Each structure stands twice: as C-alpha cells, then as structure tokens.
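Novice: Here is how the chains run, residue by residue.
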Amino acid sequence: MLLRPVALLALLIVTSGFWIFFSIAATGFTSDFNLFALLRFAAIQITIGFAQMVVLGIGDMSLAVGAIGGVAGMFAGFVMQSLGMPPEVAVPLALTAGILLGFGNALLIIWTRLNSFIVTLATASLITGAMLIVTHAKPFSNLPDSFTSFADGEVASVPVSPLVLVMLAVGVALFFLYRNLSLGREMLAVGANRRAARMSGLSVDRVVLLTHGLSGALAAVAGLMAIAADHTASPGLGSNWLLASFVSPAIGGTLLSGGLVSVPGTILGGVLLATMSSGLLLMNIDNFWLTVVLGVVLLVAVGLDRLTRVVGGAAT
Amino acid sequence: MESRALARFLAIAAVLVVAACGATPSGGGGKSPAAVAIVPGGPHPYFEPMRQAIVDAKADFSLSKGIFSVPTDWKQDLQNQLLTSLASQGYDGFGIFPTDGNAANGIVSQLAAKNVPVMAVGGCVQEPTKTTFCLATDTGASAYTGAKAAIAAMGNKGVLLHGTGLVTDPNTVKRIDAVKRAVAETNGAVTLITIGDIDIDAQTADTAINQALAAHKDITGIITTAYNPTVAAAKALRTLGDKRIKMVGIDDDPVVLQAVTDGFLIGTMGQNPYGQAYIAAYAINQIHMGCKKKSDAPYFIDSGTLLIGPDKIATYKDDFKTLTKSIVSGFKAKYLSC
Chain S
2 MLLRPVALLA LLIVTSGFWI FFSIAATGFT SDFNLFALLR FAAIQITIGF
52 AQMVVLGIGD MSLAVGAIGG VAGMFAGFVM QSLGMPPEVA VPLALTAGIL
102 LGFGNALLII WTRLNSFIVT LATASLITGA MLIVTHAKPF SNLPDSFTSF
152 ADGEVASVPV SPLVLVMLAV GVALFFLYRN LSLGREMLAV GANRRAARMS
202 GLSVDRVVLL THGLSGALAA VAGLMAIAAD HTASPGLGSN WLLASFVSPA
252 IGGTLLSGGL VSVPGTILGG VLLATMSSGL LLMNIDNFWL TVVLGVVLLV
302 AVGLDRLTRV VGGAAT
Chain C
107 MESRALARFL AIAAVLVVAA CGATPSGGGG KSPAAVAIVP GGPHPYFEPM
157 RQAIVDAKAD FSLSKGIFSV PTDWKQDLQN QLLTSLASQG YDGFGIFPTD
207 GNAANGIVSQ LAAKNVPVMA VGGCVQEPTK TTFCLATDTG ASAYTGAKAA
257 IAAMGNKGVL LHGTGLVTDP NTVKRIDAVK RAVAETNGAV TLITIGDIDI
307 DAQTADTAIN QALAAHKDIT GIITTAYNPT VAAAKALRTL GDKRIKMVGI
357 DDDPVVLQAV TDGFLIGTMG QNPYGQAYIA AYAINQIHMG CKKKSDAPYF
407 IDSGTLLIGP DKIATYKDDF KTLTKSIVSG FKAKYLSC
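Top to bottom, those sequences are chains S and C.
Going by my numbering, the first residue of the first sequence is number 2, and it counts up by one from there.
Going by my numbering, the first residue of the second sequence is number 107, and it counts up by one from there.
Just so you know, the hints here were simulated from the structure itself, not pulled from any lab data.
Just so we're clear, the structure is a prediction, and the values are computed from it rather than from any experiment.
Heads up, the beta-carbon is just placed ideally off N, CA and C, and yes, glycines get one too.
If you want a taste of the chain C side facing chain S, the calculated C-beta under 8 angstroms gives, among others: (1) 191; (2) 206; (3) 211.
Just chain S, with the same shape it has in the complex (with noise of 0.2 angstroms):
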C-alpha cells in the first residue's frame, strides 16, 4: 500500500507554505549558498530515509543503517586513498559492500528469528567496531578531487548539487519498484501482514534478504554522497544517522508497523526538515530551539496522519 495522495499533498503544501515563509521572513534564505547547502543536506537525510523506508515497509527496522553508510563510505575511502583507484572502481566497491552487509543482517534475521531491532542493534556495534579496529579510526583526508568536486558542482549554474540529482535517481528507482514491480508488492505484503504472506505462498525469507540488502545499498550511496560533501572519509560517518534515517520516513508517511510506504512522501519530509532547520537558523531563533521545534513538527506530522487515518477509516 502507498500513501494516500491526500496526505501527501498536505505534506506538500506545508513544505511550499514553509518555503514561501521563510522566502519572505529570513534574510539569506534564498541566497544560492544556502539553497546549495540546504538541498545538499536534504539530498542525503533522504537517501538514509530511503534506507530506513523499505526495512520499514516489510515491518522490520535497521539500527545499522548509520553503521552500514559509515563502513561503506570508509572502505570507498580506503580503495581511492590507500590504493589509488579511481572512483568509478571505489564506488561500486562500496556499495557491494553495503549490500553484503545488509545481507548479513537479513541473514541472522532469517536463522535467529529475533527481531531485527535486537539483530540490528547487535551488528551495527560489531560492524562499526570492527571498522575501528581495522583501520585504527584513522579517516582518509585525500581523496580524488574528481570525487569531491562532484558534490560541490552545480547542475546547469543553478545552485544545486549533482547530489540532489543521485537522491531522485535513487526515489524514482524505488518508486518504480514499489509501483510496478512484483518485488516491491511482495515487501509491502509482507509488512502489511507477514504471516499472510506466508500463507500465501510469498517467500517472506527471500523478501527480507533482498529488502535488507537494498537497504545496505542505500546506506551505501547515502555513506558516499555523505563522504563527498565532507571531503573526508572520517570514522565517525554515520554515527548520528539512527533519528535522521526514521524521520523523514516517519513524516512522510511511511508506517513504522510496516506494510505503507512514501518515496515523494519521504523526500518531502526529508526537505520539511531541512527547511525548517535552515530558515529558523537563518531568523536567528537560538538554535537550541531548533531541537525543540523539529521534535514538535516530527509529532504532529505523526499525530496528523494518525487523525487522518482514523477519520477516513484506514486505521491500521
């Protein structure tokens, strides 16, 4: 199931409504650095949202997220800084590396039975601890400029990051998955009810490998865009990714019991957030109070879709 297009547009108009306001209220606002800046950001929030977003739509959940885009963005770093290779090798490289690692995941998933909270909780330590040991927290500062530049580029002269062209790649991609592939009904079946699914004759295994794997793949592209606009592999990626990976998931719509996903609804979310954060810093509210605000507009956009459910009788 995909979100209403009710929802949505409501999403939608709050987001220009915010857009339009702090256009007109904050000074700077429009200026190309921080458009730039502001789109950059919300480019990879999204793309770690993306990877939150499909475990979420099967009804499991990833705390190694941050933890799978950390190692990918470090081993992406070693390949181009330690050995030399060119990005075109590092990049697939890394994103190997996150699906394998997502795999690993769904695997011990799969044999345990446990539920992928603790399993994820339990292997985003090891996998982040592993990568301390192996490269000694020492990040990779000198990566190609041809990486680098390519996130601090404009598409066309318009103050927009080739980035923000890789997350909409990346929304349509699933996008379409979830529209028209089977493969994308089979994981929103078995989030909506995986029992069912079962007893339908949906492989619930195969669906839990392959969505945790995807999900490692975006942790991955998230980990490098991340890793470009830092200029720096540094051992600390991804380590504040567990609340940006569910909210713009969570703002969008998507179900955090599975079985209902937003791609538009998460990249607006994604935007939502960026844009509050950026106009009210750019009004000069203390931004101690951006913390408090951004908790109180994560639950009312949670609280809002709560009501609209209920009210059109799609409580879940």
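Given chain S, put chain C in place with the hints provided.
Specialist: Then chain C, alone, in the frame of chain S:
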C-alpha cells in the same frame, strides 16, 4: 496522483531555485570591516571565554558584526548548517573549532570557494585544508609541562595517573605521547597509568577517575589533559581530603581553581580560548580588508599555555590578555602580507 503531486512540488522547488536571489557571501577583498562569527564544535565550557573575546574584538577592530554561536550538539552536520546559515546572513569570516577535525574540511572548502576566510580556533582542522590558520594550544607542549610539574612535585618517583580525552582525537594522541615522554625521562622511577576516552561527560569521568583511584592505592600523582577528567579528579581529591597525591589539571573551571587555591591541586594548565577567538577575529578582518597569508607563514600558531598555580590564580587572565595583545601586535608583520 502521487506522481503529479511530486512533479508539482519539484516544479515549485525548481522555480524557487531558479528565481533564487539575494545575499551571497560577499567574500574577501572588501574595504569595509568584516562580520566575524566564532562557531565552536558544540556546547562545552571551554569555549565560554570566546563569547567575550568576539565582543571585545568587535569593539577593538571596529568589526561590522561579531557573533558567538554554538551548534546544539557535537555533530558536524549541525555545525555545517550553522556556518551555512551565518554565511547566508552575510558573515565574512569564521573562527571554528571543528566538530570533526577531518569532516570539517567539506564546509571549509565550500566557504573558501566563496572567498570566506576560515580560521581553526582551539583545535586544528586536519591538513590538507583550506583553513587559513590554526590558533590553538600546543597540546603536546602543554601536557609535557604539566606532567613534568606533577612528577617534580611527586619527588620524581611513584605512580602517575593520566586521565585524558578521546583517543581518536589527534590532540589526545599528542598529549598521551607527551606525558609518556615526561615519564620516560625518569628512567623507570615513575610508573604511568593512562585512562583515555573519559572526556565524554562529567559522569563518565567521575566513574573512571574514582575507579582508578580505588584500584590503584599507590597513585601518588595525577595529570589530566581534558576538561571533565580534571573536574572529576579535583572533586575526588577534595572528597578524599588527601593532599599527598600531587595533581596538575587543565583549564580553569571554578571547581579546579578553588582546588588549586585550597592546595588539592598544585596547578592547572591554562589554555587561551579568549585569545584564540580574539586573534582569529583580528586575522579574519585583516584578510577581509585585503591582506594575504605569507607564503612561508605556518598553519599552526601557538596561542599560549600557562601553569596556573596558587600564585597565578588572581592574575592569569590578565597574563593571557597580555600575551594575546602581544601576538596580535606582531601578527601582521609575521604572518600576513598587506
């Protein structure tokens, strides 16, 4: 319907982007005084003197604007957002303590591309970097001086406990090496116990210091090279009421200064956060007005350190201000070509 909604949103966003206009960072080379922002890596008492430093710098150098703004948490994303926001509001230069000494290079490069000078204050950004200067304590020299003072007070023998910060922080590595060097010079007369990663918060430091004191009854000296372990150890020694353990701490928290006054610490290694921010504001303003960094000028500039014993408690702030004024007075000739 969903695709139509998405398309509509993207169209609105595209229109806003294409129509974007307004304040772009003005960059260097201007003749009017700079608008300078000091942005720490996150909330920490160490940075508090910088708040006054930018106020004083604004008055002394006639800066057009001066602000001290702290990210809500120690996350590079948050510091990036804050810097972007301030640059969009027209700030011409920044003094930053990098949240992540490596990942800060991304935002620094972005600002440098707009000709916005950035100075590292309190801690350096990992080289290679577009940061112009790093104004910070020579952490290795400070730790060595402190360790030597503690060892001397111990009578050049005994067991020395070293409590320090994150071992992934390059500054911590320098501090650990410096203390090891000071201990090695005793030719085995002093034994070293090092506990790292305890500058996370007060509770972590409290637990670690008290456990170490309980487990090693033979400790006769303490050197701490991070803020929270210093406060924790100062409190622990006061609680024990035992002045036989000779301790040198770091920074000037009131708890630590009182412990020095009362004789529980022989001293604390003062750093110069006020001077770091003040000198950075001066340098940013000079570069904004058209000066360039000399080709042979170093990246790292020592902002000074001082062992604050009981005799220095009343005067150390003035001593640091005198040192700061002295660095500023020679800065242009030594490091800039105007």
